[in-house]
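Visitor: Now for the letters of each chain:
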Amino acid sequence: MIHENVLRFRNARYLWWSLGLLALSVVLYFTQGDRQPPNGGTWQGYVLGSIGAALIVWLSLLGVRKRSYRSTLGSVQGWVSAHVYLGLALLVVATLHSAAQVNWNVHTLAYVLMCLVIFSGMYGAYVYLENPRLQTRNRAGATREALFAELFELDRQGLEIAEHCNPEVQAVVKSAIQRTVIGGGVAQQLLGRDRSKMIGYDQGGATVDNADQQPVIDLVGRIVPRAEKASEAANLQALLTLLCRRQNILRRLREDIRLQGWLKVWLYMHVPLTVALLGALSVHILTTFLYW
Amino acid sequence: MAEHYRVAIVGSGPGGLSAAGRAAARDREAGSGSPSHILLESYERPAKTIQRYQLGKHVMAQPGFLDLRSDCRFAEGKREAILEAWEQDLASLGVNVRYGVEVTGITGSKNDFVIELGNGDSIGADNIVLAIGLEGNPRRLGVPGENLPGIQYHLEDPRAYEGEVVVVVGAGDSAIENALGLAEQNTVVILNRRDEFSRAKEGNLMLVLAAISDPDRNFSCLYQSAPKAVRENPGGDRPLVLTVDTPEGEQEIACDRIIARLGAVPPRKFVESMGIVFPNDKPTALPELTRQYESNVPGLYVVGSLAGYPLIKQIMNQGYDVIEFIHGNDIEPADNPLLAHQFHALPYSRSVDDTVEMFQRRIPMFSELNALAFRELVIESNVLVSYPDGELYDDASSRIADLQRSLADRSPAPRTSKVIREGDLIFDIGEFGTSFFTIVDGEVRLDDERTGLTTHLQRGQFFGEMSLLSGRPRLERATAGAGCVLVETPRRTMLKLMNSNDEVRAGIDWMFVVRELQRRFAPLAPYAKLGDIADRVTIRQYKAGERVFEQGETGDCLYLVRSGAAKLVRRHEGRALLVAQVRTGESFGDMALMGDPIRRETAEAAVALEVIEIGRREFLELIDLGTSKIEPLQQDVTRRVINSAVMEVRPETGSVVDFLMGHGLGEATNVLIIDADLCVGCDNCEKACAETHDGISRLDREAGPTFGNVHIPISCRHCEQPHCMKDCPPNAIHRATNGEVYIDDSCIGCGNCEVNCPYDVIKLSYEAPAKPSLMSWLLFGRGAGPGEPDSYEPEPAGREKGKKARKCDACVGVAAAPACVTACPTGAAMRIGPDQFIDLVGGR
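Read top to bottom, the protein sequences are chains A and B.
Counting from 3, one number per residue, gives the positions in the first sequence under my numbering.
Counting from 368, one number per residue, gives the positions in the second sequence under my numbering.
Since the hints were made in silico from the structure, they are not lab data.
Because the structure is a prediction, the values reported are computed rather than measured.
Glycine residues also receive a C-beta, built at the ideal position from the N, C-alpha and C atoms.
Please note: incorrect hints may appear among the correct ones.
Stated by the list, open to error - Far from chain A by the CB rule (all over 10 Å, computed), these chain B residues: (1) Ser-459; (2) Thr-1073; (3) Pro-1163; (4) Thr-1193.
Claimed, not checked - Under 7 Å between C-beta atoms, here's a sample of chain A residues computed to sit facing chain B: (5) Glu-6; (6) Asn-7; (7) Gln-38; (8) Asn-41; (9) Arg-67; (10) Arg-69; (11) Leu-136; (12) Leu-265; (13) His-272.
Unchecked claim - Selected chain A positions facing chain B (in silico; Cβ < 10 Å): (14) Arg-10; (15) Pro-134; (16) Arg-141.
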């Protein structure tokens, strides 16, 4: 494919940039120690700190660049590629800057926030590279909208066939279709949990679990050999096939929603943490200069 | 004789009523008590053709740069408003009009014409203005019962009928439009004499086929069927019964109404009966006229579409002019200033009329054209003139600059001659051609870098036909020589002319073949020899999916793709594999002439395909011309057989290319392909599109087909021969030299392009309302953020402007182009050309 992912962008140009930056940072770090141990306060420490702060500001500007649609300042993909590599490099740069001096203070807070941002970003990079492929395979060429359309059509047909079944089966199948649940809260979407219900067979109208539609399929399967008329058996068979197709579509939809959920959810960490980091970083810099 | 007039005007269409208006004004100026003119109309109201437009039809006032010269009003607008204005004008001007009288014959000569009327009366006249148009009388059903009530030949308002069974007879555009209009609230059967709707515009064709196949609509079609008889059906549910001859035998249809749209009987017989002579026997022939619209019968004048002018405004101007001519005032036609501007920098001191006449004389291909039609062509074209760098060039440029300044306040600005330097580029290799050039004077040099061939073209020759016919970019560099005068005709005007004039079509086709043969087989062969061969090759057309040849057949010809694309499919062990896509300018089937007569593949049209079929004898002659080299041809074939073999062992490549071809990308030049394995669904592409295009996205990322990980979103692919450009009334769709097809502000929102586009990439929408800036959204959460809002209420100003067609313009004029691609954070979106299709899978 002539398409290349963000890691391979232009022969991983920014990987080399960040390796160069790392080399520079390591050199800076180890040239410290004449008058005081490695520390944020040496001139090397200041340089590392300045590089780190500049990186943080630049990395957070991706949100602006991504939305500057008329910008000719490189492609957004290039920015993302650099964002990933330089973001990873930042972890080293900042760690060397801090020289592993941690404490219960705003400086360490900034460091921890930065680490959280980077770790969430690492997870983001992983799902960005992985999930679209899984989703494509899972949807097998169809769009989510098309899957929903197919589901609604199956629902309609299912209800129609159920009309011709005996009243108990009809009630169960109808309720199974009507009380199928897709999506739901964040946790349900991310875990792909199925809270579908149906009216139990011969249970006096009590609601029972219908997770993954298996109970309703099992039920119809159980009734088929007990059918009294040939036409009824044929009807139930058709219903069974349809319920299985429906189960398959529902699984795909749930999986699609699950994968898409993970693809999006990390940004709800990454972005607010970045804002918090920018705040903590400002305080860190300010206090450093105030208490010089 | 009781009545005698100075001028009798026959027909009260735009030409006739404008003439009558002028005649009435003349009468008033002369202060004469009784009118010296009469306007005769067979219908009970003026302008029958326009009365019969469907209700509410938007009538254009093209061309915009031409001024209206008439005593009657006319401006773009609804049919009703225009007709009302005309009726008021006829009354206020005091036109002596007689409705409901049919002219059955005209005899006599100048100053002594006798007009026979259908009611037995006759009228005398000194001069006659024939403004009867080409519509003539509708062709009738021609079967027993054709005069029964309930059979009609036009349909004004399809909504006037409801719950009826209506049979529409005919397969042309008006039949289809009527049938579709009626089908909303009636049951419609359309009778088609043939087995397809080949005469219909593409947009109508798609609509009618969709309606026929839609099970929810009461719309059906009987193919290869013709009406046989109509009878009344007393006591039945429906008043009429139509007997139809179908391939399955006779069938009876009980119906309420029969609408026959079988075209019109041309008025030629009637016109000839007056002594007017036509230049040839072609059904499209028009009478020859003087510049003053006088026919070969002195005193008998012809204006309007019968004189070759198709547009209402021009026809009204003619109506005015012809009365002035009759009154001895030899005014210049209203389009004279337009031509004068276009000729302003020419090195000739001739009148406009003489210059036009000279142009036509010098271009053999156009010499047979009706003089007025040629004049039209020049008006719609650019006139280019070259001068040597220095004083002459500076002088001509400054004259044009002065002229343009004096015309600056006119909108649209009229065209002026374009002054270029000798040695200037006219077009370059790789540009998308949008025009066709004819040489009136001087010399033009064509350089083909691939063959190293240089051609010098002289007066009367033309060039640019390749891009015109095949839609591919220019293969040559054209440079202006000394003293060039060129007519640069827009593609659309040229295609229209080719469709209506067989000589022009044949001339251009022939030259296309000659140059294609030269490029491909015999770069050094003279035109004369190639021309002899060109006479013997065949141009064939195939519809998408049609077979050109089958695997296993014995072949003795090769095919050169002139437009469209073919795919070659090899069947092996029960599997069909695509092994090659063949695009415009490439050939296939050559092996049959180079040692292997058995076709190793099946060749099939991927989209509408036009090929030049070259037989063995012609091929050998081309090779024998002595100037050609067989080695490059053989090398080309070698490359292709290897490619085919590689494709065959990598079926995944073939299946992806097959998928792309199956979705019409055979005719694409620039298409957005998304790698679904990289796409995270953020829709930043759509947002970027909306943000760079007035707030409205022209692409739908999620929709569109997917095969494996290759996803084709709904977005313009900038076809080689854009379907959308076919039928745009204001000519608002253009192609930039880099190939971008875009719509300008003159769009009237008629929706033709939306219907004509087979790929659904054009939509009509209101202007999107303005949004707060990005920063105020980012920082303060104001507005809906970047991208097209899910739904929006158009602002009153936007609603007033109406819906306009929107499509991808490949970001022509946007610096960060294309925005959808540069805005993609993951690299999933890419715009690629057809040569990269194979790479979509390569490297795996």
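Visitor: Compare the structure with each hint and give your call.
Guide: Hints and how they fare:
Every Cβ of chain A is farther than 10 Å from the Cβ of Ser-459/B; the closest lies at roughly 55 Å, confirming the non-interface assignment. At roughly 4 Å from the closest C-beta of chain A, the C-beta of Thr-1073/B falls inside 10 Å, breaking its exclusion from the interface. The Cβ of Pro-1163/B lies farther than 10 Å from every Cβ of chain A, with a closest approach of about 28 Å, so its non-interface assignment holds. Under the 10 Å C-beta cut-off, the non-interface status given to Thr-1193/B relative to chain A is violated; the minimum distance is some 6 Å.
For the restraint placing Glu-6/A at the interface with chain B, the shortest Cβ-Cβ distance is roughly 6 Å, inside the 7 Å limit, so the hint holds. The closest approach between the C-beta of Asn-7/A and any C-beta of chain B is roughly 6 Å, which is under the 7 Å cut-off, so the hint is satisfied. A cut of 7 Å between beta carbons decides the hint on Gln-38/A: the least distance to chain B is about 41 Å, and the hint is violated. At a threshold of 7 Å, the smallest CB-CB gap from Asn-41/A to chain B is about 36 Å, leaving the interface hint violated.
For Arg-67/A, the suggested interface contact is broken, since its CB lies about 10 Å from the closest CB of chain B, more than 7 Å. Look at Arg-69/A: its Cβ gets to within about 5 Å of chain B, closer than 7 Å, so that hint holds up. The interface hint given for Leu-136/A is broken, as the beta carbon of that residue sits about 9 Å from the closest beta carbon of chain B, more than 7 Å. Because the closest C-beta pair between Leu-265/A and chain B is about 6 Å apart, less than 7 Å, the hint holds.
With its C-beta approaching chain B no nearer than about 13 Å, His-272/A sits outside the 7 Å limit, and its interface hint is violated. A distance limit of 10 Å between C-beta atoms decides the matter here; for Arg-10/A the minimum to chain B is near 8 Å, and the interface restraint holds. Of the supplied interface hints, the one on Pro-134/A holds, with its beta-carbon coming within about 5 Å of a beta-carbon of chain B, less than 10 Å. Hint on Arg-141/A holds. Least Cβ distance to chain B is approximately 8 Å, under the 10 Å limit.
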